[in-house]
Amino acid sequence: MLRSLKNTYRLGVKELNSLRRDPVLIFLIIFTFTFAIYTVATGVQTELRNASIAIVDEDHSELSRQISASFLKPYFKSPVQIGLGEIDSSMDASKFAFVIDIPPDFQANLMAQQTPTLQVNVDATAMTLAGNGAAYIQTIINRQIGEFVSQSGTPIQQAVTISMRTKFNPNLESSWFMAVMQVVSNITMLSLILSGAAVIRERERGTIEHLLVMPVTPGEIMLAKIWANGLAIILAVILSLYAIVQGVLGVHISGSIVLFVIGTALFLYAMTALGIVLSTFAKSMPQFALLAIPFFVVMNMLSGGTSPLEGMPKVLQIIMQASPSTHFTSFAQAVLFRGAGIDIVWPQMALMLLIGTVLFVISLMRFRSTMSAR
Amino acid sequence: MADAQNFVAALKSVNHRYGETLALDGVSISVPRGEMVGLIGPDGVGKSTLLGLIAGVRKIQQGDVNVLGGDMATRKHRENVYAQIAYMPQGLGHNLYPTLSVFENVDFFGRLFGQSAKERDWRIKDLLESTGLAPFAKRPAGKLSGGMKQKLSLCCALIHDPDLLILDEPTTGVDPLSRRQFWELIDRIRKRRPEMSVITATAYMEEAERFDHLIAMDDGRVLAVGTSNEIKEKTGAKTLEEGFIALLPEEKRAGHEVVTLPPRVESDGVLAIEAKDLTMRFGDFTAVDHVSVKIQRGEIFGFLGSNGCGKTTTMKMLTGLLAPSEGIAKLFGKEVDANDLKTRRRVGYMSQSFSLYGELTVRQNLALHADLFDLPKAGRKARINEMIERFDLADVQNELPESLPLGVRQRLQLAVAVIHQPEMLILDEPTSGVDPIARDEFWRMLIALSRDDGVTIFISTHFINEAERCDRISLMHAGKILAMDKPDELRKARGATTLEDAFIEYLEEASGIVPEAETAQAEQVPQNAKTKPKASSFFSPSRTWAFARREAMELVRDPIRVIFALLGPIILAIAMANGISFDVEKLNYAVLDQDKSQESHRFLENFSSSRYFQQKPQIAIRSDLDRRLKSGELKFVLIIPPDFGRDLLKGHVPNVGAWFDGAVTFQAETSRGYVQGVLANYLAEYARREGASQAVPPLANIETRFRYNQAFLSVFAISPGVLMLLMYMFSTMLTALGVVREKELGSITNLYASPAKKIEFLVGKQLPYIGFGIISFASLVALMVFFFKVPVTGNFFALAVGAMFFAVAATSLGLVISSFVSTQLAAIFGSAIIVMIPTLNFSGMMYPVSTLEGGGRFVGHAFPALYFQQITSGVFNKGLGFASLYQSYLWIGFFCVLFWILATLLLKKQEA
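Keeping their order, the protein sequence lines are chains Z and H. Numbered as in this note's numbering, the first sequence ends at 374 without a single skipped number. Numbered as in this note's numbering, the second sequence ends at 912 without a single skipped number.
Just so you know, these hints were derived from the structure itself, not from any lab. On a predicted model such as this, the values are computed, not experimentally measured, just so you know. It cannot be assumed that every hint is accurate.
Lysine-lysine pairs mimicking BS3-like chemistry, simulated, CA-CA at most 27 Å apart [to be verified]: (1) Z:Lys6 with H:Lys377; (2) Z:Lys283 with H:Lys789; (3) H:Lys789 with Z:Lys314; (4) H:Lys342 with Z:Lys6; (5) H:Lys789 with Z:Lys6; (6) Z:Lys314 with H:Lys616; (7) H:Lys789 with H:Lys586; (8) H:Lys650 with Z:Lys283; (9) Z:Lys314 with H:Lys586.
Label pairs and their computed distance ranges (CB to CB) [what the hints assert, rightly or not]: (10) H:Pro405 with Z:Ser369: 31 to 39 Å; (11) Z:Leu5 with H:Ala862: 25 to 33 Å; (12) Z:Gly83 with H:Val562: 19 to 27 Å; (13) Z:Thr357 with H:Pro791: 57 to 65 Å; (14) H:Phe796 with Z:Met111: 33 to 41 Å; (15) H:Pro791 with Z:Phe35: 39 to 47 Å; (16) Z:Pro294 with H:Lys789: 54 to 62 Å; (17) H:Gln594 with Z:Asn142: 27 to 35 Å; (18) Z:Leu5 with H:Gln421: 34 to 42 Å; (19) Z:Glu310 with H:Ser623: 24 to 32 Å; (20) H:Gly854 with Z:Asn142: 48 to 56 Å; (21) H:Glu703 with Z:Ile362: 54 to 62 Å; (22) H:Phe796 with Z:Ser284: 38 to 46 Å.
We treat Cβ as the ideally placed atom computed from N, Cα and C, and that holds for glycine.
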């Protein structure tokens, strides 16, 4: 037992040494946990930004001018005035995401209480903008109309009001969400690649055979790879959380980073084991990459990180329960954003441990039988 | 040059460097015409570099290289002579395509040289018959034995009747019989075409004896030139090998002495190795067939045979790396058990390839193994020092193995293998590629281990002179042991003068062939069907087709790539269509109703009946609220204040609280919008119910038209982008792999050495992937239309034409990437990054192009993705046709041309 621990430790140190001398992988780790997180968090926005908008002003009234002037940066680009006939062609060519058509005599009809109709054309292929943008535009126009009317008397009174408040991310800054989800996706990708590449590298160089004829067991070899690669990633994660996510991006992390690191370790256990399983199916590094890419994309896209799990077909939801990334995503959101404690997230942690152990056993079974075959 | 008549090649003060190392150091030689010239010397002395320069596959750095009467530094001359030179690179079948059959391989080369079908037919028939490969015409090249591979390589080289045949170590790793047959074959061909000159590099001194003219090389320099007898006379040596050693500079020879094997004291007792009927099958292929051996302690037992005859497999079974399909192996009287760690401590193993950690220093490697073998802590350091001393590693102990010469690395491997004082050593071809002096040194160490320490040594080799140093040897062929005895006994048993002759006889007997008499060959050649290959015009469609045909055949025979290409896009499309969704439905929420009146009930009904929301059990106490939001169970919570109903009826305007979970920002934002919408509905309903008294009629209607996607479903908006992205990613990535694979596997040399133009090669490689691109287009469209139910509102043909254009552009981008990078791994990750990042962010797939500014806008327009996105989205969503999309076609076409130019510029036609 002690012997076994010593071997695992010794082989793991060797693993770290290999990693240290591999500039490409080191670069990959550093790049993904710093620059990539920063770019994604600041570049990808789900808030309304820079929306291109055009206005067809058939009214040419005081009110229509006020409406045109109310679309402000940074939410909108400066509105462009176009003619009625240009709506279709310009939207076909994706020149504008929104086109507002103010009909003739809009102001006059409004004042005469004839309830005129104003049209907002939304390019609904631009899903990131369309929904929020349309709601936003509606609010802006209503406010303008309301103000315009109230200048001439008649205040408006609602029967019930709702005061809306948001927990965990009060200003709904999408960079918070993006930063953390990018950390999760990086962990998923790197754990898969690092462990798989570590096995394939040894096999391509023939060192794995060498290990297998020495008094070490396949289990020790694998555990060494798991702890060493896991440790490298965890260090990068901790650094990234403090320096980039909290430091540079100013994300407020409400939960315990210690708890998050423990959960990450469980996730890494499962993912590195999966990486080893995949590596036993591939004959070379390129084959491994071809195999790992679909796994990564599926685990990443369908884990609930990019879009909620509830919206997916039932079959997919059930299949994705087998993926450790699904549980890790909900674990990470709960701990980092909502400040959930172990009393709340223990089921996810237990599931990651279970899935990891199943994968570990599979990889152990495949390891010796495939490593030495020609 | 004046000598051009007499010399096929002349080199003058040629230098060649790889980074710091000087591979050729002022080499000046003349290669006589019409002769068989041998280039001799161990690995890594610059032989291959020299041959590469003569063949025109390597770029000349310094000096003059004159071949076939012209300067090889000028492109024009090279293009003219490529068709007259045949080059067979080093390595068993490195220029062959392993999944292609024997016939297909030769056929490809025939096509490459522009031969007609009729001409190829008789030439291939002639070549295969004269090499004895005719019965195996349909066998894939990868499944041939080493000797057969080399014969096939030769066929490929000879298909175009070259004037100069360049062979780089053609017989390394080939069994003695095949080796002899190979040289007989060359002799016959030379008889038929005496004008052909042959230059051969070899590390086997024995076979160099048969060459007309020898050039001995060491350390990038020419040591001596002349016939084999001249060299022997000059040095006064009996054999060429001894002569070669004598030629080496003083400091290298220092300490070299002839290896002698002291007699072994016979010992009985437990056998070190005992194998009985050891058999290994891989599928229907029997690699090792009932092998039985008994090896005594302290014996040096040699194992001879060609590559792939089962030596390595046998060794792996003896070490427990492989479990035999049949039979038993015993080490020290105990059956080999993969899980028995104790036996492993008694064995040291050295595998064929260098298998130490390149990232650990010499000392660290030793230390790691000392730790893993659990040497007693006290003596550990001393033992490591002892090893460093004994194997002469003191000077290099802190260096990385990769920077050391092969001979030293092999010594290190041996040191590692014996650090735990094993009683037995299993060594798999430890000396292949090592120069003669280092080899002798290595053997002296082995002999010391055997005779002084009583270590049993089980060694495989393909050097005959090493076999002679063993106590006993066994000859293996096609998985069986043909003979086993003391070297001298074997020789005597066959009445042969040399051990090599004895082996050849055994091999001939085993293969059941009669020593090949000059079987009459079809001498009459249908001259009319002969094309003299010439450096042809700008673009040859037939050569392009030759490349395309071959690539397609290789591709369909590689299951991993085919599965990846066909299933990958479908799997990822399903993942993306579901993963990139902005639809917000069935948001879980709960209510804390502090009023519980009829009115609050009515108010809440508006929420529970909405398809956007999904009500969860009520919140009983306030502290529950936090916990349930924290766990992620609820996306929002509604808090109805006490006296809600009463206040409402009194016109006091009650205020409902709503708490949202802001973790997933997009979801939170959307749910806020929906809550507002439900409130508006309630207010309108309330106004109707309570009469006009309190209600305010809307001032104006705002009619929001969601164009192109009335249902406002993500899948409609995202699918065209997913189609574009996946076609793009897979086409680019697979094409990028295509070219780089050849770089890594070495078959790119065929391009270097052939008269084919770069653009022909590139377009030829590209064609099959365009085909794959179109297949994935078709399958993705089918998936989207029939499975996701995304309607095609525009002109389908406009989409299909766009897809063709785009497949060409995407594969061309793949060509650019693959011309640039040097490993397959870099090609995969490089293309993933180059494709994914600009496309996801700046192509209009996720964020409308009209919102982009500055750098992002520029990057978006700098790739073809944006233009194909206009087409897919235009045809799927916007009902467009050719008339509105013609600009996009033009742009994609422009990118095709741009990428072709870039790829052609980046691809090298010569090695550095």
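We went through each hint and held it up to the structure:
1. Simply put, Z:Lys6 and H:Lys377 have alpha-carbon atoms about 13 Å apart, close enough for the 27 Å limit, and the pair holds.
2. Note on Z:Lys283 and H:Lys789: the hinted pairing is violated, with a Cα-Cα distance of about 39 Å set against a maximum of 27 Å.
3. Taking the CA atoms of H:Lys789 and Z:Lys314, the gap is about 18 Å. The hint holds against a cut of 27 Å.
4. For the proposed pair H:Lys342 and Z:Lys6, the alpha carbon gap of about 17 Å is at most 27 Å, so the pair holds.
5. For the proposed pair H:Lys789 and Z:Lys6, the alpha carbon gap of about 58 Å is over 27 Å, so the pair is violated.
6. Straight-line distance between C-alpha atoms of Z:Lys314 and H:Lys616 comes to about 19 Å, which keeps the hinted pair within the 27 Å bound.
7. Straight-line distance between C-alpha atoms of H:Lys789 and H:Lys586 comes to about 22 Å, which keeps the hinted pair within the 27 Å bound.
8. Taken as a hint, the H:Lys650 and Z:Lys283 pair is broken in the structure, with Cα atoms around 77 Å apart against an allowance of 27 Å.
9. Our distance criterion of 27 Å between C-alpha atoms is met by Z:Lys314 and H:Lys586, whose separation comes to about 13 Å.
10. Look at H:Pro405 against Z:Ser369: about 36 Å separates their beta carbons, and that is inside 31 to 39 Å.
11. With their beta carbons about 54 Å apart, Z:Leu5 and H:Ala862 fall outside the hinted range of 25 to 33 Å.
12. Roughly 54 Å separates the CB atoms of Z:Gly83 and H:Val562, a value that falls outside the hinted 19 to 27 Å.
13. A C-beta distance of roughly 47 Å is found between Z:Thr357 and H:Pro791, which places it outside the suggested range of 57 to 65 Å.
14. Against the hinted window of 33 to 41 Å, the Cβ-Cβ separation of H:Phe796 and Z:Met111 comes to about 50 Å, which falls outside the hint.
15. Under the hint 39 to 47 Å, the C-beta atoms of H:Pro791 and Z:Phe35, about 41 Å apart, fit the expected range.
16. The given range of 54 to 62 Å is broken by Z:Pro294 and H:Lys789, whose C-beta atoms sit roughly 24 Å from each other.
17. For the pair H:Gln594 and Z:Asn142, the supplied restraint of 27 to 35 Å holds, since their beta-carbon distance comes to about 31 Å.
18. In this structure the hint that Z:Leu5 and H:Gln421 lie 34 to 42 Å apart at CB is violated, the actual value being about 25 Å.
19. Judged by the Cβ atoms, the range 24 to 32 Å given for Z:Glu310 and H:Ser623 holds: they are separated by roughly 26 Å.
20. In this structure the hint that H:Gly854 and Z:Asn142 lie 48 to 56 Å apart at CB is violated, the actual value being about 33 Å.
21. Here the CB-CB span from H:Glu703 to Z:Ile362 is close to 58 Å, well matched to the stated 54 to 62 Å.
22. In this structure, H:Phe796 and Z:Ser284 meet the distance hint of 38 to 46 Å, their C-beta atoms being roughly 40 Å apart.
Hint check: violations occur at hints 2, 5, 8, 11, 12, 13, 14, 16, 18, 20; the rest are consistent with the structure.
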